[in-house]
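K.L.:
Now for the letters of each chain:
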Amino acid sequence: MKGERGVPVRLRFTKRGRVRFISHRDVARAFERAFRIARAPLAFTEGFNPHPRISFGLALPTGTESDAEYLDVELTEETDLDRFAADVTEALPEGMGVTGVEFLAARAASLQQGVTSISYHVEAFFSDDGAWSPSDVEAWVQDVLAADALVVSLRRKGREVTDDLRPAISALEVEGPEAGSPPANPPSHDATAIDTRATCVNVKLELSTQPRNVRPEEVLALVGPGCLSARKVLRIEQWIERDGSRLTPLEADTRPRAGIGAR
Amino acid sequence: MTTSLWPEIEPLLPGVEKPGRYIGMERGMQRPRHEPGLVRWLLVYPDSYEVGLPNQGLQILYEILNERDDALAERAYAPWGDMEAALRGRGLPLFSLENHVAASEFDVIAFNLAAELTYTNVVNCIDLAGVPVRAADRTADQPLVFAGGHCAFNPEPMADFVDAFAMGDGEELAGEITDVVRRWTAAGRRHREEVLHELATVPGVYVPSMYDVSYDGPFQRLTPRYADVPAVVDKRTVADLAAWPYPKQQLVPLVEVVHDRLNVEIFRGCTRGCRFCQAGMITRPVRERPYEQVRSMVQGGLARSGYDDVSLTSLSSADFSGIDGLVADLVNEQAGCGNVALSLPSLRVDAFTVGIAADIQKVRRTGLTFAPEAGTWRMRQVINKLITEEDLYAAADAAYSAGWRRVKLYFLTGLPTEMDVDTLGIAELARNVVEIGQKHTRKAACTASVGGFVPKPHTPFQWFGQNGIDELHRKIFLIKDALKGTRAEVRWHDPPATYAEGIASRGDRRVGAVIERVWRQGGVFQEWSEHFALGPWLDAMAAEGLDPEWYVTRHREHDEPLPWDHISAGLHRDFLWMDWQAALAEHGLPDCRWTPCYDCGVCTDYALEHVVASAVPPAGGSQGTGQDLARGGDVPVAILPTRKRAVAR
Numbered sequence: 205m206k207g208e209r210g211v212p213v214r215l216r217f218t219k220r221g222r223v224r225f226i227s228h229r230d231v232a233r234a235f236e237r238a239f240r241i242a243r244a245p246l247a248f249t250e251g252f253n254p255h256p257r258i259s260f261g262l263a264l265p266t267g268t269e270s271d272a273e274y275l276d277v278e279l280t281e282e283t284d285l286d287r288f289a290a291d292v293t294e295a296l297p298e299g300m301g302v303t304g305v306e307f308l309a310a311r312a313a314s315l316q317q318g319v320t321s322i323s324y325h326v327e328a329f330f331s332d333d334g335a336w337s338p339s340d341v342e343a344w345v346q347d348v349l350a351a352d353a354l355v356v357s358l359r360r361k362g363r364e365v366t367d368d369l370r371p372a373i374s375a376l377e378v379e380g381p382e383a384g385s386p387p388a389n390p391p392s393h394d395a396t397a398i399d400t401r402a403t404c405v406n407v408k409l410e411l412s413t414q415p416r417n418v419r420p421e422e423v424l425a426l427v428g429p430g431c432l433s434a435r436k437v438l439r440i441e442q443w444i445e446r447d448g449s450r451l452t453p454l455e456a457d458t459r460p461r462a463g464i465g466a467r
Numbered sequence: 117m118t119t120s121l122w123p124e125i126e127p128l129l130p131g132v133e134k135p136g137r138y139i140g141m142e143r144g145m146q147r148p149r150h151e152p153g154l155v156r157w158l159l160v161y162p163d164s165y166e167v168g169l170p171n172q173g174l175q176i177l178y179e180i181l182n183e184r185d186d187a188l189a190e191r192a193y194a195p196w197g198d199m200e201a202a203l204r205g206r207g208l209p210l211f212s213l214e215n216h217v218a219a220s221e222f223d224v225i226a227f228n229l230a231a232e233l234t235y236t237n238v239v240n241c242i243d244l245a246g247v248p249v250r251a252a253d254r255t256a257d258q259p260l261v262f263a264g265g266h267c268a269f270n271p272e273p274m275a276d277f278v279d280a281f282a283m284g285d286g287e288e289l290a291g292e293i294t295d296v297v298r299r300w301t302a303a304g305r306r307h308r309e310e311v312l313h314e315l316a317t318v319p320g321v322y323v324p325s326m327y328d329v330s331y332d333g334p335f336q337r338l339t340p341r342y343a344d345v346p347a348v349v350d351k352r353t354v355a356d357l358a359a360w361p362y363p364k365q366q367l368v369p370l371v372e373v374v375h376d377r378l379n380v381e382i383f384r385g386c387t388r389g390c391r392f393c394q395a396g397m398i399t400r401p402v403r404e405r406p407y408e409q410v411r412s413m414v415q416g417g418l419a420r421s422g423y424d425d426v427s428l429t430s431l432s433s434a435d436f437s438g439i440d441g442l443v444a445d446l447v448n449e450q451a452g453c454g455n456v457a458l459s460l461p462s463l464r465v466d467a468f469t470v471g472i473a474a475d476i477q478k479v480r481r482t483g484l485t486f487a488p489e490a491g492t493w494r495m496r497q498v499i500n501k502l503i504t505e506e507d508l509y510a511a512a513d514a515a516y517s518a519g520w521r522r523v524k525l526y527f528l529t530g531l532p533t534e535m536d537v538d539t540l541g542i543a544e545l546a547r548n549v550v551e552i553g554q555k556h557t558r559k560a561a562c563t564a565s566v567g568g569f570v571p572k573p574h575t576p577f578q579w580f581g582q583n584g585i586d587e588l589h590r591k592i593f594l595i596k597d598a599l600k601g602t603r604a605e606v607r608w609h610d611p612p613a614t615y616a617e618g619i620a621s622r623g624d625r626r627v628g629a630v631i632e633r634v635w636r637q638g639g640v641f642q643e644w645s646e647h648f649a650l651g652p653w654l655d656a657m658a659a660e661g662l663d664p665e666w667y668v669t670r671h672r673e674h675d676e677p678l679p680w681d682h683i684s685a686g687l688h689r690d691f692l693w694m695d696w697q698a699a700l701a702e703h704g705l706p707d708c709r710w711t712p713c714y715d716c717g718v719c720t721d722y723a724l725e726h727v728v729a730s731a732v733p734p735a736g737g738s739q740g741t742g743q744d745l746a747r748g749g750d751v752p753v754a755i756l757p758t759r760k761r762a763v764a765r
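Listed in order, the protein sequences are those of chains A and B.
Quick note, the first sequence lines up with residues 205 to 467 if you use the working numbering.
Quick note, the second sequence lines up with residues 117 to 765 if you use the working numbering.
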């Protein structure tokens with residue numbers, strides 16, 4: 205991309221509550237508007253159709269919540285980052301807010317390339333069709349972690365392909381089961397598999413994003429078709445694993461703020 | 117008191133397409149508290165969220181009602197099929213987006229009728245609200261169903277379903293309706309008849325149940341049931357747009373919608389006098405917004421919304437007094453705060469307007485659309501769209517030379533007196549436009565978009581028999597064949613849908629039963645080609661013993677009662693008939709903004725005047741402003757030199 209070379213910064217932001225139902229594209233547009241409302245000094249590309257230099261990390265599926273979304277944006281000048289974060293948060297819809305911001309080091313890897321794994325908390329519930337009892341959960345976790353391979357078939361570009369999920373699962377833990385707090389209403393797309401005696405569990409997982417971004421729902425599906433359904437999926441953190449250390453995107457590839465304001 | 121349905125709705129959302137349509141949360145959204153004593157309005161646009169959200173009329177009323185101490189307003193849109201099925205599957209009703217309150221908890225459910233093919237969606241929304249679809253079956257504790265908007269100017273096809281129609285501008289009327297409903301509610305909401313009778317006495321409100329219907333042969337006649345109910349309901353008009361700088365906080369949706377930009381209405385009404393155009397006839401006179409107010413609405417709106425795209429809306433934006441200066445000011449003021457695109461919809465066809473368009477679209481260029489509407493000068497005199505070929509070709513030349521590669525042309529076919537030479541004239545214009553473009557770029561192309569003409573109430577063409585489906589198909593294929601192998605692409609509107617629109621557009625009260633039948637057959641979202649089928653419409657007409665040809669393709673007689681005779685947009689019937697005769701005689705009529713009044717009836721009857729800052733027509737001069745109408749050509753066209761301006765950053 206030609207154009208002004210700006211000052212790149214990396215933001216962490218949340219997507220919680222009702223706003224989780226907007227798409228990744230909608231999030232991008234919400235940020236573009238929020239930057240303009242906040243009068244952020246954005247750097248633009250040159251050409252017939254100039255646009256701000258904003259790049260997002262791995263798309264968050266519509267309906268999934270997150271405490272750890274990231275984007276990189278180029279500014280035209282070094283800015284008071286805390287104030288910048290506050291102004292942008294003010295202009296974002298309810299449920300979205302900037303929770304961290306740092307200057308990005310020169311030649312930093314993009315979020316898409318850099319992030320290697322993502323941690324999730326999933327609120328899931330068991331159907332009560334008798335095929336699985338909640339007390340089997342612990343055994344299932346042990347089985348998954350002990351397995352050499354967990355081959356699933358999936359459709360990619362209209363073709364049936366197989367994939368091994370095991371290498372993608374770097375952590376799996378289940379808390380519960382605990383009776384009670386069944387969903388007020390089961391999801392419409394899965395209405396037959398659920399009844400009101402469903403039991404909730406909290407699943408904590410970390411899944412790798414490379415070579416492909418494995419979704420928590422795929423791991424839940426290993427229990428059996430329709431047995432364990434996610435009610436709420438929350439991204440907890442994204443990780444960049446490099447040279448044996450595990451860093452968040454705000455820790456990796458950023459540079460200290462010292463010296464700003466002394467210009 | 118009021119219950120939020122959100123806990124029931126939330127679990128449905130992972131299973132539906134674009135769930136963001138059902139969460140509200142737009143920037144500018146209000147969260148009114150349902151205090152006792154407030155008149156609660158639910159404003160509904162009866163099409164999908166993406167189509168309905170940008171509607172400015174609805175947003176204006178939303179703000180005006182929420183500013184009042186005695187009212188609140190929330191919004192709803194027609195849920196898409198998957199969401200409707202999910203709601204019905206769980207026994208859940210239509211709900212508002214602000215507080216997710218059931219539609220039946222509101223005092224007033226008000227629909228915007230912007231297109232006839234949304235009528236079945238209106239019925240569906242009433243049903244989904246849990247309210248009886250027929251007004252006669254409703255009880256005092258159920259909401260009052262209102263409708264307004266352009267299509268309300270022939271209310272009869274929807275008269276069975278709607279308790280009261282609001283005619284014309286709603287800014288003042290919404291408050292007056294609120295007063296009546298508030299008093300009725302405070303007095304204990306005893307009989308529905310009471311409030312309907314009182315509403316019928318509010319100027320601009322038409323209450324169908326306050327009239328007895330009789331038939332004189334096939335013709336409907338309405339007689340007021342009470343002495344204080346008017347025989348003719350006049351539309352309402354706000355005299356001064358400056359008093360109503362709304363919307364002040366245009367809603368900024370989170371999901372992508374049509375017209376996803378800041379819209380600032382620069383004037384209302386149009387007196388170009390295009391005879392096919394219902395909007396131009398029923399919104400007279402012209403009322404311009406003051407220049408400074410437009411500027412501050414644009415500045416404030418951009419800063420508040422975060423949009424980088426603003427449209428100066430009206431029925432013919434290049435006619436705004438001093439439009440070139442306004443555009444230059446706005447473009448200059450935006451320099452330094454990002455790249456803001458400005459657009460003018462409904463461009464007049466001449467090189468002057470292309471000059472403006474080139475000037476404002478230096479930064480980000482959108483499509484350029486012209487609407488010559490008809491293929492020959494004779495045909496354009498009939499419809500009073502007085503664009504000469506020189507104007508069009510100069511506009512095309514200016515456009516391609518300014519860098520546009522594709523120009524879009526809008527045409528109507530099936531117009532009164534149209535002969536094949538006129539239809540083929542469409543192809544010839546398109547071919548010539550491409551040829552002009554190819555002098556500038558080999559890649560020059562154009563799109564000719566052809567719609568079948570539907571005669572509309574309160575226009576001079578209200579007496580004309582619409583072309584049938586086969587005839588429209590034949591004409592479209594004439595054009596298509598003539599443009600085969602050229603770089604002019606033809607797009608057309610489906611003639612069967614045009615036919616159904618014809619049934620609803622000039623229908624009488626008997627058509628209500630037809631609309632109900634189509635809805636019961638599952639015929640919703642009829643504006644969407646993938647959902648439209650003519651079969652259910654024809655079956656319903658047959659089942660009701662109605663002849664569709666009588667409604668659609670029949671020419672009306674001078675003395676024949678029309679189903680909308682009891683509604684007045686201020687236009688004298690004699691004027692409309694005279695203009696119809698002038699059309700048949702191929703006589704154009706100049707714009708009365710800048711030429712002497714020909715007394716259409718609106719200003720004289722309603723004691724109104726044009727509010728226009730400039731007493732002279734804009735430069736460029738097309739469309740009946742200063743040309744030699746007898747010859748229709750040789751007008752010197754001033755091509756505005758395109759000024760160089762640094763890219764705003």
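Since the hints were derived computationally from the structure, they do not count as laboratory data.
Just so you know, not all the hints are guaranteed correct.
Straight-line distance between alpha carbons at most 16 Å, and here's what the computed EDC-like set of lysine to aspartate or glutamate pairs gives [what the hints assert, rightly or not]: (1) B:K364 <-> B:D440; (2) B:K134 <-> B:E166; (3) A:K436 <-> A:D271; (4) B:K134 <-> A:D230; (5) B:K555 <-> B:D586; (6) A:K436 <-> B:E126.
K.L.:
Straight-line Cα separation of K436 (chain A) and D271 (chain A) no greater than 16 Å?
P.N.:
With Cα atoms ~13 Å apart, K436 (chain A) and D271 (chain A) stay inside 16 Å; holds.
K.L.:
If you draw a straight line from the CA of K134 (chain B) to the CA of D230 (chain A), is it 16 Å or shorter?
P.N.:
holds (11 Å)
K.L.:
Check whether the Cα positions of K436 (chain A) and E126 (chain B) lie no farther apart than 16 Å.
P.N.:
Status holds; Cα separation ~11 Å.
K.L.:
Is the straight-line distance between the alpha-carbon of K134 (chain B) and that of E166 (chain B) 16 Å or less?
P.N.:
holds (10 Å)
K.L.:
Decide if the proposed pair is consistent with the structure: K555 (chain B) and D586 (chain B), CA atoms, cutoff 16 Å inclusive.
P.N.:
Since the Cα atoms of K555 (chain B) and D586 (chain B) sit roughly 38 Å apart, the hinted pair is violated (cutoff 16 Å).
K.L.:
Has the given pair, K364 (chain B) with D440 (chain B), been kept, meaning a C-alpha gap of at most 16 Å?
P.N.:
Given that 16 Å is the threshold and the Cα spacing comes to 25 Å, the pair is violated.
The structure fails to meet hints 1 and 5 from the earlier list, while all remaining hints are met.
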